[in-house]
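Chains as they are written, first to last, in the working numbering: chain F, 1 to 225; chain R, 1 to 247; chain B, 1 to 236.
There could be a bad hint or two in this list.
[Said to hold, decoys possible] In silico DSS-like cross-links for lysine-lysine, where the CA-CA straight-line distance does not exceed 27 Å:
| id | chain 1 | residue 1 | chain 2 | residue 2 |
| --- | --- | --- | --- | --- |
| 1 | R | K19 | R | K237 |
| 2 | B | K144 | R | K19 |
| 3 | B | K76 | B | K10 |
| 4 | R | K19 | F | K79 |
| 5 | B | K144 | B | K45 |
| 6 | B | K144 | F | K79 |
It should be emphasised that the hints constitute simulated quantities derived from the structure, not laboratory data.
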Amino acid sequence: MRNYLRALGAVIWKDLAAEMRSRELLSAMLVFALLVLFIFNFALELNVKDRLSVTSGVLWVTFVFAGTIGLNRSLAIEKDRGCLDGLLLAPVDRTAIYFGKAVANFLFIMVVAAIVLPVYSILYNTNLFAQPGLLLVIVLGAEGYVAVGTLLAAMAVQTRTRDMLLPILLFPVVLPVLVAAVKASSGYLQGLPMAEIQPWINLLLVYDVVFTAISFMVFEYVVEE
Amino acid sequence: MTDAPLIEVDHLIKRFGPKVVLRNLDFQARGGEFVALMGPNGAGKTTFLRILSSLSGPTMGRVRIAGHELPRQAAAVRRRLGVVSHMPLLYGDLTAEENLRFYGRMYDIARIDEQISTILDLVGLAGRRRDLVRTFSRGMQQRLAIGRAVLHDPDVLLLDEPHTGLDQDACEMLDAVLRQVAARGRTVVMTSHDLSRVEDLATRFDVLTRGSIRASIGKADMPRDGLLAFYRQSLEKARAESQKGGQ
Amino acid sequence: MKNGISSWPKALIAVDVLALLGLAFASYMVFVYAPIEAVMGPVQKVFYFHVATGWVGMLGFGAAVVAGIAYLITRKTIWDLVGLGAIEIGLVFMLINIATGSIWARPIWNTWWTWDPRLTTATIMELVYAAYLMLRGGVEDPEKRARFGAIYAIIGFISVPLTFFSIRIYRTIHPLVIGGNDPTADGSFAMTPAMSTTFMVSLIVFTVVYISLLWHRIRLGQLGERVERLRIQHSA
Chain F
1 MRNYLRALGA
11 VIWKDLAAEM
21 RSRELLSAML
31 VFALLVLFIF
41 NFALELNVKD
51 RLSVTSGVLW
61 VTFVFAGTIG
71 LNRSLAIEKD
81 RGCLDGLLLA
91 PVDRTAIYFG
101 KAVANFLFIM
111 VVAAIVLPVY
121 SILYNTNLFA
131 QPGLLLVIVL
141 GAEGYVAVGT
151 LLAAMAVQTR
161 TRDMLLPILL
171 FPVVLPVLVA
181 AVKASSGYLQ
191 GLPMAEIQPW
201 INLLLVYDVV
211 FTAISFMVFE
221 YVVEE
Chain R
1 MTDAPLIEVD
11 HLIKRFGPKV
21 VLRNLDFQAR
31 GGEFVALMGP
41 NGAGKTTFLR
51 ILSSLSGPTM
61 GRVRIAGHEL
71 PRQAAAVRRR
81 LGVVSHMPLL
91 YGDLTAEENL
101 RFYGRMYDIA
111 RIDEQISTIL
121 DLVGLAGRRR
131 DLVRTFSRGM
141 QQRLAIGRAV
151 LHDPDVLLLD
161 EPHTGLDQDA
171 CEMLDAVLRQ
181 VAARGRTVVM
191 TSHDLSRVED
201 LATRFDVLTR
211 GSIRASIGKA
221 DMPRDGLLAF
231 YRQSLEKARA
241 ESQKGGQ
Chain B
1 MKNGISSWPK
11 ALIAVDVLAL
21 LGLAFASYMV
31 FVYAPIEAVM
41 GPVQKVFYFH
51 VATGWVGMLG
61 FGAAVVAGIA
71 YLITRKTIWD
81 LVGLGAIEIG
91 LVFMLINIAT
101 GSIWARPIWN
111 TWWTWDPRLT
121 TATIMELVYA
131 AYLMLRGGVE
141 DPEKRARFGA
151 IYAIIGFISV
161 PLTFFSIRIY
171 RTIHPLVIGG
181 NDPTADGSFA
191 MTPAMSTTFM
201 VSLIVFTVVY
211 ISLLWHRIRL
221 GQLGERVERL
231 RIQHSA
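All chains should be modelled from the sequences, with the hints used to inform the complete structure.
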């Protein structure tokens, strides 16, 4: 167990240290996220009246698209210089590698959220942080997204079509997360009673547990030969 | 040198779908041997090394390293293996020291700081320890890759075409590092195209072609006309044999 | 050509004949034997093959999960062929299911398409399994292709009920003919005995059709493997 945590920590530390240095992944995700926000602003005419109902949709599409860029990059780094082989050569459990990558990806999405939310709040003169429920939904949604995303990205980088393939593999599978996260977020933003939000939170919890467990079980089959 | 072989491979078969890459490959290496694995492109050298390094599973046959069966006891084997491939297996956005520190944690190495300094001295990169690997030349990356591979003091070192893409000077520096690494009683298996490079380094020369080892010769038994002639004869013989067998 | 794989097994011929006769018989039952539903009229007859094709689609996707797990455990290529065949058949039948549903929905719901949980889930499933085929297309090594296919078939199938529930939490207008009758659902009806007999016959017949198609597909895959093996032997 101590060994497992040490390997897990090493992978997370390595990803964060490399990212602190290059800031490639985060800056790409962030710029992309802001661009998506701006595009939505003009595509949807985000005026005061309509904004309330579409805010959560806009936020989640932003996270999901930016997340795909991050996932692709995070696993491409491992593949390109053969580092994935380097990880697999180490005498550590494969799932420690999976969880290490997943935690790092999760943190990257959290950083993006931590910047997108205040920017959105300023742009539209609202305070998204006033709803702690929204933050909970973002954590739950990002967990489910990253759990499957890390697994599928590890698969996608090993194919001929690579980056192109990840969204095609990921989006249809991650749809329940998106639907539930959008509905729960918009429930909190519109101040709906908890009884209406609860089913969505439950769905997110079920998805997170089921898909984290499945990814944990099959990751070894993705990286072995 | 001990008598029991450190690496033992019996009747190894590896298939990719309908394509047979390794057919009934037998191989042995004893402690302290430096085996050069030669063969034309597509002979299965890389596949063989990937199986030895536990990255790829055998379709059939037995592979034992230091008494542990692959792929069943892969974790035990991995601890005693160092691998250098033609890719550096290093992170460009980490410094030389950070790369070693990361792998040190993955291998649970005690007294990591001392070991990192020793290794960086060994591969002649002590002066560049705080530089990003991204800024290294190909030769420097390859030397650091060897440092990474011997960081946990493995008994067995596997190298897949380590000279690829290096110029003359870089090759010589790499060879100097390899000699030092091999001098510590390690068993080394190295594939290479470049016969002149391996002629000085290795103590044994195996020819891998058409999916199995067709010839083997020790340095002491080398005929006067040299390694190249031996290599050509072995390939010729293998071709003739397989043509006979095919009919 | 008397060896196992190239001769056409007698049992398979029997299944083929059974499937063909069954289709003819089921068509007869649907068009002649089953009564015309009082409210919806003849268009209700779509229902028999609509549900049967949906059943075969689910059967295919479900079989692919079993085959996927079996492949990951045994590493026998036959399981990869079963999984691929089951998904290909599932894709086609699910498409027929969606198309027949649309034909029925046009007069009954007054629209070709609605964002109902079943419709949406069926369509998302088509996308999941289209992604499955694209994934396979991107992998050269047959062993890795089989492994990735198996994993994605499992992941994809597990997401299906969650997708369904996520859309289900919206109110549905899809009729639930079997098990529980929601009177508010538009286009629901009570089955007469003749209708339910026809329905059961359709289900059984399409299951036989499915078995026959899957069997052929697996044989095709095995023959393809053999051709590839011979090709490599000759070129070597």
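Practice problem: Report the numbers of all earlier hints that the structure fails to satisfy, in ascending order. | Solution: Number 5 only.
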